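Student: Work out the full structure, taking the sequences as your base and the hints as a guide.
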Amino acid sequence: MTTLRNGLISTALAIFLWWLLVALTGLPPFILPSPERVATALWTSRVTIAENAVVTIAEVLIGLVLGAVLGALTAIMLATFPLARTLVRPILVFFQAVPVFALAPILTLWLGYGILSKLVMTLIIIFFPVTSAFYDGLTRTPQGFLDLAQVMRVTPTQVMLRIRIPNALPSLASGLRLAAVYAPIGAVIGEWVGASKGLGYLMLLSNGRAQTDVMFAALIVLAGFTVLLHWTVDRMAERLTRHYAPDQN
Amino acid sequence: MTEAPAVTVEGSARISGQPLFGPLRLEMAAGSWTCLLGPSGVGKSSLLRLVAGLGSGIDFVGTLAANDGEPLEGRISYMAQDDLLFPWLTVLENTQLGARLRRETPDPARAMNMLERVGLSDHASKRPAQLSGGQKQRVALARTLIEDRPIALLDEPFSALDARTRAEMQDLAARLLAGRTVLLVTHEPGEAARLGHKIVVMNETGLQSTSGPKSDPVRAITGAETLSLQSELHELLMARP
Numbered sequence: 214m215t216t217l218r219n220g221l222i223s224t225a226l227a228i229f230l231w232w233l234l235v236a237l238t239g240l241p242p243f244i245l246p247s248p249e250r251v252a253t254a255l256w257t258s259r260v261t262i263a264e265n266a267v268v269t270i271a272e273v274l275i276g277l278v279l280g281a282v283l284g285a286l287t288a289i290m291l292a293t294f295p296l297a298r299t300l301v302r303p304i305l306v307f308f309q310a311v312p313v314f315a316l317a318p319i320l321t322l323w324l325g326y327g328i329l330s331k332l333v334m335t336l337i338i339i340f341f342p343v344t345s346a347f348y349d350g351l352t353r354t355p356q357g358f359l360d361l362a363q364v365m366r367v368t369p370t371q372v373m374l375r376i377r378i379p380n381a382l383p384s385l386a387s388g389l390r391l392a393a394v395y396a397p398i399g400a401v402i403g404e405w406v407g408a409s410k411g412l413g414y415l416m417l418l419s420n421g422r423a424q425t426d427v428m429f430a431a432l433i434v435l436a437g438f439t440v441l442l443h444w445t446v447d448r449m450a451e452r453l454t455r456h457y458a459p460d461q462n
Numbered sequence: 003m004t005e006a007p008a009v010t011v012e013g014s015a016r017i018s019g020q021p022l023f024g025p026l027r028l029e030m031a032a033g034s035w036t037c038l039l040g041p042s043g044v045g046k047s048s049l050l051r052l053v054a055g056l057g058s059g060i061d062f063v064g065t066l067a068a069n070d071g072e073p074l075e076g077r078i079s080y081m082a083q084d085d086l087l088f089p090w091l092t093v094l095e096n097t098q099l100g101a102r103l104r105r106e107t108p109d110p111a112r113a114m115n116m117l118e119r120v121g122l123s124d125h126a127s128k129r130p131a132q133l134s135g136g137q138k139q140r141v142a143l144a145r146t147l148i149e150d151r152p153i154a155l156l157d158e159p160f161s162a163l164d165a166r167t168r169a170e171m172q173d174l175a176a177r178l179l180a181g182r183t184v185l186l187v188t189h190e191p192g193e194a195a196r197l198g199h200k201i202v203v204m205n206e207t208g209l210q211s212t213s214g215p216k217s218d219p220v221r222a223i224t225g226a227e228t229l230s231l232q233s234e235l236h237e238l239l240m241a242r243p
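Here the protein sequences line up with chains A and B, keeping their order.
Counting from 1, position 161 in the first sequence corresponds to residue 374 in the numbering used here; the numbering is continuous, with no gaps.
Counting from 1, position 127 in the second sequence corresponds to residue 129 in the numbering used here; the numbering is continuous, with no gaps.
Just so you know, nobody snuck in bad clues.
Short, incomplete list of chain B residues facing chain A, as computed with Cβ under 8 Å:
no.	residue
1	54
2	55
3	56
4	80
5	82
6	84
7	89
8	90
9	100
10	102
11	103
12	104
13	105
14	129
15	149
Because the hints were derived from the structure by calculation, they are not lab data.
Since this is a predicted model, take the numbers as computed values, not measurements.
Using N, Cα and C, we set each Cβ at its ideal position, and we do this for glycine too.
Tutor: Spelled out as structure tokens, the structure:
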């Protein structure tokens, strides 16, 4: 509850500073609209914003789930097969080095203006943090656990399923926490490059029409959703891995 | 449990080209405790790991065999200094770890019985993080016992415990592992003096057997024989090549 209270206080403070900045500098609304104007825009354009938000949220959630599943499976594959490690890892590192922004126009060209290009964009942006965090965890199984399993004559499959994967769940959780923050970035970049729906599209559109207040309203909804998503994933990850964290004693 | 065999290791070992130990010959008598005492870094843990089948990376030239001619594989249980409890499993689940990992049907009644023998039946549903160091090592002992292997390899399992807990664990382990062929690696002369049917000192030059304790373990911590053995072992340990 303290966290919630502190959050409310700092939000109120930020809004006050924003209001003060507008009041003191007298900036025109199309440069920096006041909090009241944005609140009004949020209310009057609520239907438009909601329609576009639904699209972005769907892109983010589906992309997040697909990216997490694909990333986790890739990490397991890399940790299981030495050949995959030698062949696939350099490719992964190469792709990670390519700025995702640069891929967006190509993806739109290939996959069109619909939801698919945004899904793939989101998927790519979260695939790497999930894969590398989980893979790291999978390679850091305590040697003692592996020794014990060997003396107990456990098969490699069971070692993977019952020791290495559970032991790496906290690392997977860190990857997912990062992914929850990155996922909206992927969707919005995709929408900026070319879309007919979504919060990113709406922001670009209102920017072009000098409706800065609507742009801010959409931005606030996007930020609110990202915070909520991060919080949800964080809580889920914590519940899931409560007992998996390394022994503190 | 099948009949506990005697185990003999004879040979020498190198690790990435560097000599690790040997040539040496270590005999573990059937159904009794052999204590391998030595300073850190002389390769006593490596010797134990070799017997445990964990010697990948060690170049061993020689023989390692049980006197009944059967392979050692599958007849060994192993306990390390670290309790190696899985933090995500309960005490009961950790006790049945071997069966769980081999996908055999676990026998909770038997596991509870083991926990009772190590005095932890009230803690069965707890997680390892909720236990003290001594309690965790007792779970590790229960996990070792339930495997019911004729050979037990103990790699300094009590060295991280405080003096009183350590003495209690020694008594418990000696009682519960009686009748098995046990190899205990330790750097603690007092521990060897309490627990060994046979005590072997390992140092840079190889193995030195002591004259051999006359009484059976477990010996009293402050008993006359324990103390004289302890000073003999100290002297052997201090002698440098």
